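Q: Start from the sequences, fold in the hints, and give me the full structure.
Residue numbers (our numbering): 1 to 77.
Since the hints were derived computationally from the structure, they do not count as laboratory data. Hints are not guaranteed to be accurate.
Claimed, not checked - Using 25 Å as the maximum straight-line C-alpha spacing, the simulated DMTMM-like pairs for lysine to aspartate or glutamate come out as follows: (1) K40 / D2; (2) K40 / D30; (3) K40 / D28.
To be verified - Derived Cβ-Cβ restraints for the label pairs, each shown as a range: (4) V8 / E51: 11 to 21 Å; (5) Q39 / D9: 16 to 26 Å; (6) L5 / R68: 25 to 35 Å; (7) T54 / P6: 18 to 28 Å; (8) L5 / E63: 28 to 38 Å.
Model, not experiment: these values are computed from the prediction. The C-beta atom is built at its ideal place from N, Cα and C for all residues, glycine as well.
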Amino acid sequence: MDPDLPTVDVTLWRADAVVLFDWLASTDLDTVPVTHPAQKQALADLLASLETDTDVTASTEEEIAAARGEVARDMAW
Numbered sequence: 001m002d003p004d005l006p007t008v009d010v011t012l013w014r015a016d017a018v019v020l021f022d023w024l025a026s027t028d029l030d031t032v033p034v035t036h037p038a039q040k041q042a043l044a045d046l047l048a049s050l051e052t053d054t055d056v057t058a059s060t061e062e063e064i065a066a067a068r069g070e071v072a073r074d075m076a077w
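A: Pasting the structure below:
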């Protein structure tokens, strides 16, 4: 990432980060419906940030399953 570009900090619940990382890492971004190429790039940038700036890459299958359960439990829809 270019250090001269403006950035924002986003705080995620760890379970959300684990679920998002697992999904992004296993998804073919070429098949995700987007209306602009920048949307796909932003998802790729999020994946890269989760890979480099967090420890979620070390999540086990059990941790991923638990994170999915935690996130799904609070769904209001």
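Q: Next, verify each hint and record whether it holds.
A: Okay, the hints, checked on the actual structure:
Restraint check for K40 and D2: the C-alpha separation of about 19 Å stays at or below 25 Å, so the hint holds. A hinted pair counts as satisfied when its Cα atoms are at most 25 Å apart, and K40 with D30 qualifies at roughly 8 Å. Restraint check: the Cα-Cα separation between K40 and D28 comes to about 10 Å, which is no more than 25 Å; the hinted pair holds. Between V8 and E51 the beta carbon distance is about 18 Å. The supplied range of 11 to 21 Å therefore holds.
A hinted range of 16 to 26 Å holds for the C-beta pair Q39 and D9, which are about 21 Å apart. Our hint of 25 to 35 Å for L5 and R68 holds, since their Cβ atoms are close to 33 Å apart. Distance hint check: the CB atoms of T54 and P6 are about 21 Å apart, consistent with the given range 18 to 28 Å. At roughly 32 Å, the beta carbons of L5 and E63 sit within the given window of 28 to 38 Å.
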